[in-house]
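> Single-letter residue listing:
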Amino acid sequence: MKLKNKFRFTRKALAYPYMLFLLIFVVIPLVIILINAFLAEDNSFTLNNFVEFFSDNGGGLTVLGNSLLIGVVTTVICLAIGYPVAYFLAKYHASNKVLVLFFIMPMWVNFLMRTLSTKAIFLALDVELGMGTVLFGMVYNYLPYMILPLHTTLVSIDHSFIEASEDLGADKFTVMTKTIIPLSLPGIMSGITMTFIPAISTFAISEVLSSSKIFLFGDAINMHFSKTTNSFGVGSVMSLVMLVLVIVCNAITNMASKDEGVKSAL
Amino acid sequence: MKNNKLKKLCADGYLGLVLAFLYLPILLIIIFSFSGTSNFSFKDGFTLDSYKALFSSDVQTQNLLEALKNTFIIAIIASVVSTILGAFSTIGIYCLGVKTKKFVLTVNQLPMINSEIVMAVSFMVFFAAFSWLFPQGMVRLIIIHVAFCTPYVVLSILPRLQKMDPNMYEAALDLGANPFKAMFQVMFPYLMPGIVSGFSMAFTLSLDDFILTQFNKGDTGIETLSTYIYEDARVKSLEPFWFAVFSIFFVVIVTLLLVTNIKRNVKKEGKA
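Sequences listed follow chains C and R, in order. Under the numbering used here, the first residue of the first sequence carries the number 1, and numbering increases by one thereafter. Under the numbering used here, the first residue of the second sequence carries the number 1, and numbering increases by one thereafter.
Read the hints as simulated data drawn from the structure, not as lab findings. Treat the hints loosely; a few may be bogus.
[Claimed, not checked] PhoX-like mimics (lysine-lysine), calculated; alpha carbons at most 20 Å apart, straight line:
no. : chain 1 : residue 1 : chain 2 : residue 2
1   : R       : Lys-8     : C       : Lys-172
2   : R       : Lys-5     : C       : Lys-172
3   : C       : Lys-97    : R       : Lys-267
4   : C       : Lys-91    : C       : Lys-178
5   : R       : Lys-7     : C       : Lys-172
6   : C       : Lys-12    : C       : Lys-91
7   : C       : Lys-12    : R       : Lys-267
8   : C       : Lys-12    : R       : Lys-8
9   : R       : Lys-263   : C       : Lys-97
10  : R       : Lys-7     : C       : Lys-91
11  : R       : Lys-102   : R       : Lys-5
12  : C       : Lys-97    : R       : Lys-8
13  : R       : Lys-69    : R       : Lys-217
14  : C       : Lys-12    : R       : Lys-5
15  : R       : Lys-163   : R       : Lys-101
[To be verified] Computed beta-carbon distance windows for the label pairs:
no. : chain 1 : residue 1 : chain 2 : residue 2 : range
16  : R       : Ser-200   : C       : Ala-94    : 47 to 53 Å
17  : C       : Leu-68    : R       : Tyr-14    : 51 to 57 Å
18  : R       : Ser-131   : C       : Asn-48    : 22 to 28 Å
19  : R       : Thr-204   : C       : Val-98    : 18 to 24 Å
20  : R       : Pro-193   : C       : Ala-40    : 17 to 23 Å
Since the structure is predicted, the reported quantities are computational estimates derived from the model, not experimental observations. Where a beta carbon is used, it is the ideal one built from N, C-alpha and C, also for glycine.
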């Protein structure tokens, strides 16, 4: 017994270097962002960065609002297109792995290549670059990230649940809304986070597909940290806002999947 | 019965439409890479000019090859390092006490859930503060990629480790293996599927990365594939040169994915 404890101790020690690594390269950088948010250019303490972000003339809130709007619209369109895809794939082509792969494959193609390709096509078609093209680019880029988690949960739904609800007299619509959609909620939630967070924080897609006309949160962070502007303080505040959004989104996702876990256990 | 068939037909039609949406831009680029123009017309007929530009435009091709080399150097080193770091750390994390374990796994999740741009700027300010310790350049980029990829490796090995019968390790010890041997000859072989998928995930993540590198390459002139495309093709309109490059990449990636997946499926079916 004593011997075993000793071995346990040595194996546990294998985690220590990584814990140190995480502390240095994940935690400390985020702490520095937090500190930066309270620093003026001459390194003195200030709350001006927050004031500048939340006041009207800084335009921080407008950018945030626009990004959230584009993020929500992108996510809703992706869900509306992606859910039927995942559902049909699970229903009619569950064994056809290659077909599923075709829907996921664009994830592996460099997103700049895909975005620049769509831009070239829009230019050739004389489509004016703006909100519409940015939304197209967003949906085009993030649709596979929505389909993947949806497909994973929909395939794993036990078919007897569906049969049971049919036997109990549910019509097609009720089966969909009361059985299939609730059972796929974890997939829906993780699909939403996988599209929403990148969609509000990306910076190249909006820049390329609107010729810098549409300015999103990611573009703003990029600008504040660029060498010419060099306003790290406001940029740090924006990063913190982004971090809060990420944490909130994840808390909601976790709650939804836990909730689901309880429900399916009952 | 007929009704069902009709439904399936509609579903297939829908799937086809979405596939068209996903692949039309890619197909158009491939088709018009043979036109030698960048305005999507065949006014000069079928030509290989775009591909010839790969060999004639010295500067661009040189830069592209250089960027490709950097991309692969970073991806290979970063994925190997994060796989080794991840594999040992996962075993360590698994043996931690419940509370510490939960805490470490939460921190481990941060790079995965956090938006990439926040990660990128946090590295940027961190390295600006400690620039005397970590000089600009490849090493910095590799550290960043390791920090970004290792959490994925840990999370792809951990479930496998949790499924492993702890008696296996104990048995190896009882049979006279020292802990070192037990780990390398019993644990690692069992964990291999998780390690392999962790490695391939780390490799593709690093290969595909744009934002982390863009913010942290500094003024060393190091470009990876993504950052070079961004620098060169974003400002100007897409030149025929890039039509050829993109087409080659599209075809290579699609072929690679199809071949590996079909192979895997065949293997599985063979076993079953």
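> Determine which of the earlier numbered hints do not hold for this structure and return their numbers in increasing order.
6, 7, 8, 11, 14, 16, 17, 20
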